[in-house]
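Listed below, chain by chain, are the residues.
2 protein chains.
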Amino acid sequence: MRPAIKLVRKWWSYGPKPQKLRIWDPQAVGSGLLPRSSHARGLHQTGDHLQHSNLTYKHSNQVFKDIDIGNTSRRSGFQMRNFGSSTMGSTILRDERFAILEECDIHYFQKVVGERAVINDKDELEAANVDWLGKFKGASQVLLRPRTTKQVASILQYCNSRGIAVVPQGGNTSLVGGSVPVFDEVIVNLGAMNKILSFDEVSGVLVCEAGCILENLDKYLAEHGFTMPLDLGAKGSCQIGGNVSTNAGGLRFLRYGSLHGNVLGLEVVLPDGTIVDMLGTLRKDNTGYDLKQLFIGGEGTLGVVTKVSLLTPAKLSSVNVAFLACQDYLSCQEVLVLAKKKLGEVLSAFEFLDRSSLDMALDHLEGMRDPLPSAKQKFYLLIETTGSNENHDKEKLDVFLEDAVRTGHVVDGVVAQDNSQSSAFWRIREGIAEALNKAGAVYKYDLSIPVKDLYQLVEEMRAKLGDSAIVIGYGHLGDGNLHLNISAPKYDEKLLLQIEPFVYEWTSQHKGSVSAEHGLGFMKPHAIHYSKTPETVQLMVKMKNLLDPNGILNPYKVLPSIHI
Amino acid sequence: MRPAIKLVRKWWSYGPKPQKLRIWDPQAVGSGLLPRSSHARGLHQTGDHLQHSNLTYKHSNQVFKDIDIGNTSRRSGFQMRNFGSSTMGSTILRDERFAILEECDIHYFQKVVGERAVINDKDELEAANVDWLGKFKGASQVLLRPRTTKQVASILQYCNSRGIAVVPQGGNTSLVGGSVPVFDEVIVNLGAMNKILSFDEVSGVLVCEAGCILENLDKYLAEHGFTMPLDLGAKGSCQIGGNVSTNAGGLRFLRYGSLHGNVLGLEVVLPDGTIVDMLGTLRKDNTGYDLKQLFIGGEGTLGVVTKVSLLTPAKLSSVNVAFLACQDYLSCQEVLVLAKKKLGEVLSAFEFLDRSSLDMALDHLEGMRDPLPSAKQKFYLLIETTGSNENHDKEKLDVFLEDAVRTGHVVDGVVAQDNSQSSAFWRIREGIAEALNKAGAVYKYDLSIPVKDLYQLVEEMRAKLGDSAIVIGYGHLGDGNLHLNISAPKYDEKLLLQIEPFVYEWTSQHKGSVSAEHGLGFMKPHAIHYSKTPETVQLMVKMKNLLDPNGILNPYKVLPSIHI
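Protein sequences appear in the order of chains A and B.
Residues 1 to 564, numbered by UniProt numbering, are exactly what the first sequence covers, in order.
Residues 1 to 564, numbered by UniProt numbering, are exactly what the second sequence covers, in order.
Among the hints, erroneous ones may be present.
Said to hold, decoys possible - Straight-line alpha carbon distances no greater than 25 Å define the calculated PhoX-like cross-link-like pairs of lysine-lysine that follow:
no., chain 1, residue 1, chain 2, residue 2
1, A, Lys-340, A, Lys-219
2, B, Lys-315, B, Lys-341
3, A, Lys-315, B, Lys-464
4, A, Lys-341, B, Lys-342
5, A, Lys-315, B, Lys-444
6, A, Lys-511, B, Lys-340
7, B, Lys-394, B, Lys-464
8, B, Lys-219, A, Lys-340
9, A, Lys-315, B, Lys-542
10, A, Lys-219, B, Lys-341
11, A, Lys-315, B, Lys-150
12, A, Lys-340, A, Lys-195
13, B, Lys-511, A, Lys-394
14, A, Lys-342, B, Lys-394
15, B, Lys-340, A, Lys-150
16, A, Lys-340, B, Lys-342
17, B, Lys-452, B, Lys-340
18, A, Lys-511, B, Lys-341
19, B, Lys-542, A, Lys-394
20, A, Lys-340, B, Lys-341
21, B, Lys-464, A, Lys-195
22, B, Lys-219, A, Lys-219
23, A, Lys-342, B, Lys-341
24, A, Lys-342, B, Lys-542
25, B, Lys-511, A, Lys-341
26, B, Lys-394, A, Lys-542
Derived from the structure by calculation, the hints contain no laboratory data.
All values reported here derive from a predicted model rather than from experimental measurement.
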């Protein structure tokens with residue numbers, strides 16, 4: 001589990017300081033410290049538009065060019081540098097359509113959410129400006145903490161009319177820079193909207209506000225005999241609104257499937273402030289287009305999710321966890337097929353990690369112990385069953401394990417004897433991301449690849465990079481989801497150029513996805529074409545333009561338009 | 001199972017015959033029989049648009065008014081009458097934006113799909129013009145059977161440029177008039193695109209063309225140890241493209257969930273002929289907006305689904321079916337809660353039918369036998385378990401049944417001893433729709449209602465209608481999905497006025513959905529506001545205008561715009 005207090009460290013120098021934005025200080029309001037740029041800088045009066053729909057989507061290894069809009073090449077004082085993706089070393093320019101925050105804006109926000117919910121405390125702002133990995137840092141001067149949907153609507157309506165860019169923020173646990181400002185966007189943090197609104201013990205339908213923390217929801221449900229259909233390493237910090245907006249996958253995906261199936265309803269505020277109440281609580285509702293789906297995985301670029309209705313499964317009484325070792329990757333696949341067959345309906349997780357992943361966790365996290373210390377193996381599997389009858393589940397697990405060992409696919413293994421052992425096994429798997437973060441610089445890739453080819457990429461990458469970095473592979477094997485991570489002492493442009501675009505090209509050639517569950521955020525918009533056709537991206541751009549014609553919501557993210 | 005050969009009967013008189021359209025006869029091409037209305041009738045040259053976005057969505061019991069566009073009230077020679085919904089007795093006018101089919105159009109179609117795939121055979125056309133219930137009848141003069149996506153694209157591109165309206169058609173098993181033309185739309189039947197393209201036995205991912213019949217896919221998968229995640233009474237006729245386009249629910253929904261979760265990818269042709277390849281085969285892919293979701297349940301109004309990629313579950317070896325009787329509806333609910341608890345992960349269906357439903361099946365279908373003939377009860381449940389271990393499943397079922405009987409919630413019951421008995425039980429449940437159709441006129445309502453309130457509507461309706469009709473209630477209790485059906489000797493306006501809008505208002509007041517799984521089609525667009533807010537409908541209209549600005553695709557369906 002990631003710590004609830006977010007790590008803020010390791011960010012690079014961020015180029016020249018903002019020349020136009022100064023730190024907002026309520027004491028200074030009216031003192032002339034704030035720039036007095038007029039509303040004419042905003043979108044409406046200049047009449048400028050980024051012509052998204054005319055863009056071509058080129059296969060990239062190109063560095064970004066200046067944004068050329070009409071006749072003027074726009075250069076702004078705001079620049080941001082970031083590392084760990086192919087945006088490295090390049091300069092993204094602030095979109096000058098967006099207005100600069102003024103005194104009157106702050107007054108308006110204070111009127112809407114109250115003075116205490118308009119945050120300009122330096123430490124709080126710094127934490128909110130930097131992502132969990134410490135890779136991306138924005139320069140937002142104000143963070144708002146609305147407590148109601150109406151407040152969110154008022155904020156967006158105002159920002160839209162003024163041309164002020166906004167970044168919606170949940171628990172700020174994005175691994176692709178999706179939840180932090182890129183420049184001076186106003187941060188709208190949903191954390192104060194954290195009420196559970198209803199729970200129906202017959203249907204298992206939970207309705208809550210977007211700012212509820214995932215782990216808190218799971219604890220609440222456990223008291224009623226239910227559980228959340230998703231579980232992540234970040235559960236102690238991440239919020240359900242962010243989970244929905246990023247279509248989070250996680251550890252229970254294999255059993256309970258995608259949020260596209262489990263989310264029954266949403267309340268969403270559109271960029272123009274319209275509140276769209278799609279907060280149904282029915283399993284079946286075929287009355288028109290299922291529009292809520294657009295916001296599931298929309299990464300906060302189409303609307304701000306304010307309330308969520310979710311189908312939650314019963315918490316089944318019997319849980320078993322086994323930690324197994326395999327000699328080779330082929331055996332891991334054989335064990336997966338066997339598990340599907342023998343464990344059938346009780347299989348709830350099938351995770352894998354290679355030896356380097358295990359070593360990473362053992363070396364960098366406290367209190368870790370190798371569950372299978374007798375001999376080092378190349379691959380490890382964490383398999384979980386969840387069912388309603390302990391005897392049945394144990395019998396199924398025994399039969400499965402006997403087969404797996406008899407056939408030689410599993411060479412060593414241990415079944416947790418109590419909750420404490422189960423937690424210890426899970427802690428290894430869930431702790432790898434944190435361990436990597438402690439180990440140094442890390443290049444993270446979250447890929448979907450057909451299971452048979454999945455580990456080949458790790459091996460090719462290892463061969464390619466030699467001793468210059470540690471390449472580790474782990475992830476949700478049952479879902480074909482590889483977390484490829486490259487750990488190095490420090491961020492290095494040469495290393496990055498060895499990794500990218502190779503990793504994306506390889507994934508594309510193997511019909512994979514360059515973002516299985518993390519999303520595109522700020523890190524990967526340029527890579528979208530490796531997994532999506534030009535027609536599909538074009539349609540996404542149309543969708544964005546339809547819902548957010550002024551582009552104020554979470555700009556510079558998801559779509560590649562401003563990067564070309 | 002519904003018969004593969006569709007019943008075509010019982011339709012009403014349809015008002016005046018088309019005055020402008022004549023039967024197209026290839027022999028007559030060039031003979032002057034075809035009207036020579038010019039392209040100027042098309043959309044582009046008149047410049048007329050239905051101003052969808054300016055519409056207000058009124059609570060209806062209103063009859064439809066003429067469509068008033070700009071300064072001209074458009075009256076067309078085409079009129080259609082239909083029964084069994086509140087459109088009864090009202091007149092829908094043909095949208096004059098649409099061009100009238102000409103000789104050159106037929107030539108174009110022949111060039112694209114070949115002469116044999118341009119159908120004007122009277123019987124075939126008649127079957128394709130009428131829905132399965134025999135309630136709605138269009139006047140299309142031509143049916144096209146494309147064999148490739150490119151052919152579909154050429155057809156749509158052409159029709160879009162000419163302003164020719166199109167209705168996409170699968171197995172034509174819609175229960176809401178969604179799959180038949182309303183006036184003279186060109187029918188594009190996907191039935192000839194029926195190839196299975198790939199199946200992966202490790203991941204269970206099936207890729208196939210849209211015209212594959214559901215039952216054929218299930219049979220194919222069974223040979224490989226897998227099964228379709230959905231099952232419907234119409235499986236012998238319905239096509240997977242139609243299932244996806246209508247977000248079909250059905251009998252396995254309780255276990256495997258919605259198509260929004262199970263469809264991994266789609267290939268779709270947009271109304272302008274653009275082919276959008278979103279045919280991914282990955283369980284996880286968070287690279288941008290999940291646009292395919294719009295077409296799942298889009299009812300063919302946003303694009304034509306041409307290929308489908310679907311996650312299919314393993315076919316588990318152990319299936320048990322029990323047919324149980326309860327004295328009252330409260331007991332049915334108690335049994336549902338008990339089944340979720342005791343059967344847990346092996347519960348795969350929880351269907352209910354009242355005594356009137358059982359009688360309907362016994363009276364009107366051949367070879368039916370009451371599974372519990374000793375005493376008539378008010379309610380019956382069909383419960384299915386599906387699992388990987390027969391002994392475990394039987395033990396769970398035994399424990400569950402003992403509890404259910406001991407507590408008095410179940411008063412009688414029988415467990416199928418073999419496949420033949422299981423099929424006989426299912427035949428009763430699946431045959432009710434067919435039996436109703438044989439019994440006379442039927443008013444069908446497919447509603448989602450919170451389980452606790454669900455049967456109250458049946459009782460209130462029964463009290464309201466007295467002896468004038470037979471009111472029956474059955475459906476997917478596990479999903480809160482009631483099929484309310486009112487059977488009468490013939491369609492009768494007075495009876496309908498007693499049913500509607502009462503049924504919709506009641507459902508709306510109980511926070512239900514006026515279409516759980518059947519969709520809105522032609523029958524229910526006017527009722528959308530009972531389940532969706534004005535802002536949501538407005539957003540749907542925007543989406544339709546974005547993707548189909550000329551409105552050529554499946555017009556007069558889903559959205560209420562043309563009805564106000």
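Status of the hints after comparison with the structure:
no. : hint                     : verdict
1   : A/Lys-340 with A/Lys-219 : violated, 29 Å
2   : B/Lys-315 with B/Lys-341 : holds, 23 Å
3   : A/Lys-315 with B/Lys-464 : violated, 42 Å
4   : A/Lys-341 with B/Lys-342 : holds, 23 Å
5   : A/Lys-315 with B/Lys-444 : violated, 37 Å
6   : A/Lys-511 with B/Lys-340 : violated, 39 Å
7   : B/Lys-394 with B/Lys-464 : violated, 44 Å
8   : B/Lys-219 with A/Lys-340 : holds, 21 Å
9   : A/Lys-315 with B/Lys-542 : violated, 41 Å
10  : A/Lys-219 with B/Lys-341 : holds, 20 Å
11  : A/Lys-315 with B/Lys-150 : violated, 48 Å
12  : A/Lys-340 with A/Lys-195 : violated, 38 Å
13  : B/Lys-511 with A/Lys-394 : violated, 42 Å
14  : A/Lys-342 with B/Lys-394 : holds, 17 Å
15  : B/Lys-340 with A/Lys-150 : violated, 38 Å
16  : A/Lys-340 with B/Lys-342 : holds, 22 Å
17  : B/Lys-452 with B/Lys-340 : holds, 16 Å
18  : A/Lys-511 with B/Lys-341 : violated, 41 Å
19  : B/Lys-542 with A/Lys-394 : violated, 54 Å
20  : A/Lys-340 with B/Lys-341 : holds, 23 Å
21  : B/Lys-464 with A/Lys-195 : violated, 42 Å
22  : B/Lys-219 with A/Lys-219 : violated, 43 Å
23  : A/Lys-342 with B/Lys-341 : holds, 23 Å
24  : A/Lys-342 with B/Lys-542 : violated, 49 Å
25  : B/Lys-511 with A/Lys-341 : violated, 41 Å
26  : B/Lys-394 with A/Lys-542 : violated, 54 Å
In this structure, the earlier hints numbered 1, 3, 5, 6, 7, 9, 11, 12, 13, 15, 18, 19, 21, 22, 24, 25, 26 are contradicted, and the remaining ones agree with it.
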